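**Q** Sequences listed follow chains L and D, in order.
Under this note's numbering, the first residue of the first sequence carries the number 1, and numbering increases by one thereafter.
Under this note's numbering, the first residue of the second sequence carries the number 1, and numbering increases by one thereafter.
Don't take every hint at face value.
Stated by the list, open to error - Coverage of chain L stretches by chain D, computed from C-beta distances (three or more under 8 Å per stretch; other residues unrestricted):
1) 43-54
2) 76-85
3) 99-106
Said to hold, decoys possible - Have a look at the derived ranges for each label pair, beta carbon to beta carbon:
4) D:K193 with L:L273: 57 to 63 Å
5) D:R274 with L:H84: 25 to 31 Å
6) D:W256 with L:G132: 52 to 58 Å
7) L:S61 with D:A199: 38 to 44 Å
8) D:L225 with L:V158: 55 to 61 Å
9) D:K193 with L:A177: 45 to 51 Å
Calculated from the structure, these hints are not laboratory results.
Since this is a predicted model, take the numbers as computed values, not measurements.
Here a beta-carbon is modelled for each residue, glycine too, at the ideal position from N, C-alpha and C.
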Amino acid sequence: MNELAIEAKHLTKRYGALTAVDGLDLAVPSGQIMAFLGPNGAGKSTTNEMVSGLVRPDAGSVRVFGTDPRTAVRRGDVGAMLQHGALLHETNVRGLLRTVHGLHAHPLPLGEVIERAELADILKTPTTKLSGGQAQRVRFAMAIMPDPRLIILDEPTVGMDVELRRRFWAQMTDLAADGRTVCFATHYLDEADEFAERIVVIAGGRIVADGNGVDIKRRVGGKHITFVGPDADYASLPGVTAVAVEGGRHQLLTSQSDDTVRRLLNDFPIHDLEVTSPKLEDAFVALTNGDHR
Amino acid sequence: MTATFPSTTTPTPRRPQGGEGTSSGRARSAPPRGGLAVCWHYLVQTVRLTLTDVSFVGFLLAMPTAMYLFFAQLYKDEPGNGPIIQQSIMVMMATYGAMGSAMFAGNSIQGERSTGWFRQLMLSSLTPARFFAVRLLAALALIVPPVVLVLAVGYLDGVRLASIWVWLRVVGVSLVVLVPFVLLGIVIALWLKTQTASAATTFTMLAMAMLGGMWVPLDQMPGLLQSVGRLLPSYWAANYALLPISGGEIQMRGVWTLVGWTIGLIALGVVGYRRAVANSKR
């Protein structure tokens, strides 16, 4: 019964020899807050560009609220915050907002946009003189301007300090409370976990994991334990999600490192133990190559 | 690998559920703004932004005005035909400013495309077709300010034409004969890359003005340059803009020249537009 905000079927985009998005199937119900999590070059931006109608897929299809993305954009159903999105030059923030405001079918009142994006104190600032965080606020204003039902955010908090980031997400949560669908790309697992009800992990243009924050965190957010010891059934230890042997060292990926280490040291004659946090990139690679289900 | 969302999803507690909370935002009272209203808004904003652009004001409003004042002071006190020369200089400089304005406005779509602002615009109710149509209209509208400004300065400087209708005809004729230059600006913007486009626009504008006899009358040039000049739309644009004052006959050769350039530039523009839309990521 719930309408689909985004429905992608075998969505594919190639740039020369590079396949940026590779047969992606995705259904996002209306009202969901979804995060695209993935390393740089995973295909997050290209997917967002196809959903917002800026890029045409080479194969497959994407529909937004049951229609093609460009029609949805023209109706004002989609607002997007592009990565490094351009700002209009030779004017100030107020001039930019006025120009964009009149281009939407049913925009939010300008006052509300200024308030939500906290732009009141920089309205007279020329767009070329904005700091990184201020420019992001202007891009955010442009994304919510159409009063969209689907908000697409491509790495929205890049360039924001911790405090601004916190306020940004408070604002986003407030907007989403009206039943808007929010789809944001990030490479911060914590950000995805904190603000999204669903996390889609994407790497190499493909979806490699799809679930809620707890699930994804268990699979990509764990600790990496390596040690020298006998061959044994380490996979059955608490929290362990993956095992491997490399260069004479056993390697475990675990979601509960304390419990795993306690049992390891108690039950096995191991030595040279190391516990590290794998880089998210490594976790993605592990997810892409192996099957840890 | 496929990833369809599990139907048994449980809503997370941190997500506030708004009312029945299914699809849309708030209820909207006003009817949605239509395509025409969006285009009109964009037209007004484009003209407004251009008129506050420093380089536009400097080169295409201030410079022709200053050139008129400079040359007019040299010739206007000449016994006999002084007033006629002064009138001609006024119309020439007005046409020159308007020609530059038309090309500048047409060429300005290049900036939108290279900065990525065009992509941002495509996230609104504007479509590529509406974008180009509006920029064409804006460029036509921007022919008017330099003409009106130079004529106004001329009037204050003592130029008197036969009647108000002659003044209006000068403005009206300029609007029509400068259409090819709007197209020329757009074609350059569509076919050339950013750095080359603005240089090419300036170069073309100066060449058109000089070879078309806008600065030095064509009949004072060597024979070869005269025949080149008669192939240019700038020569005929200036020639026709002077007609309301000189009262001469319309030479059909000029009409064909202007129509030929217009058709050629429209063809180049259409091909360039298709190529640009197909190649760019919008």
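**Q** Hint by hint, note whether the structure agrees.
**A** Outcome of the hint check:
{"no.": "1", "hint": "43-54", "verdict": "holds (count 4)"}
{"no.": "2", "hint": "76-85", "verdict": "holds (count 7)"}
{"no.": "3", "hint": "99-106", "verdict": "holds (count 7)"}
{"no.": "4", "hint": "D:K193 with L:L273: 57 to 63 Å", "verdict": "holds (58 Å)"}
{"no.": "5", "hint": "D:R274 with L:H84: 25 to 31 Å", "verdict": "holds (27 Å)"}
{"no.": "6", "hint": "D:W256 with L:G132: 52 to 58 Å", "verdict": "holds (56 Å)"}
{"no.": "7", "hint": "L:S61 with D:A199: 38 to 44 Å", "verdict": "holds (43 Å)"}
{"no.": "8", "hint": "D:L225 with L:V158: 55 to 61 Å", "verdict": "holds (57 Å)"}
{"no.": "9", "hint": "D:K193 with L:A177: 45 to 51 Å", "verdict": "holds (46 Å)"}
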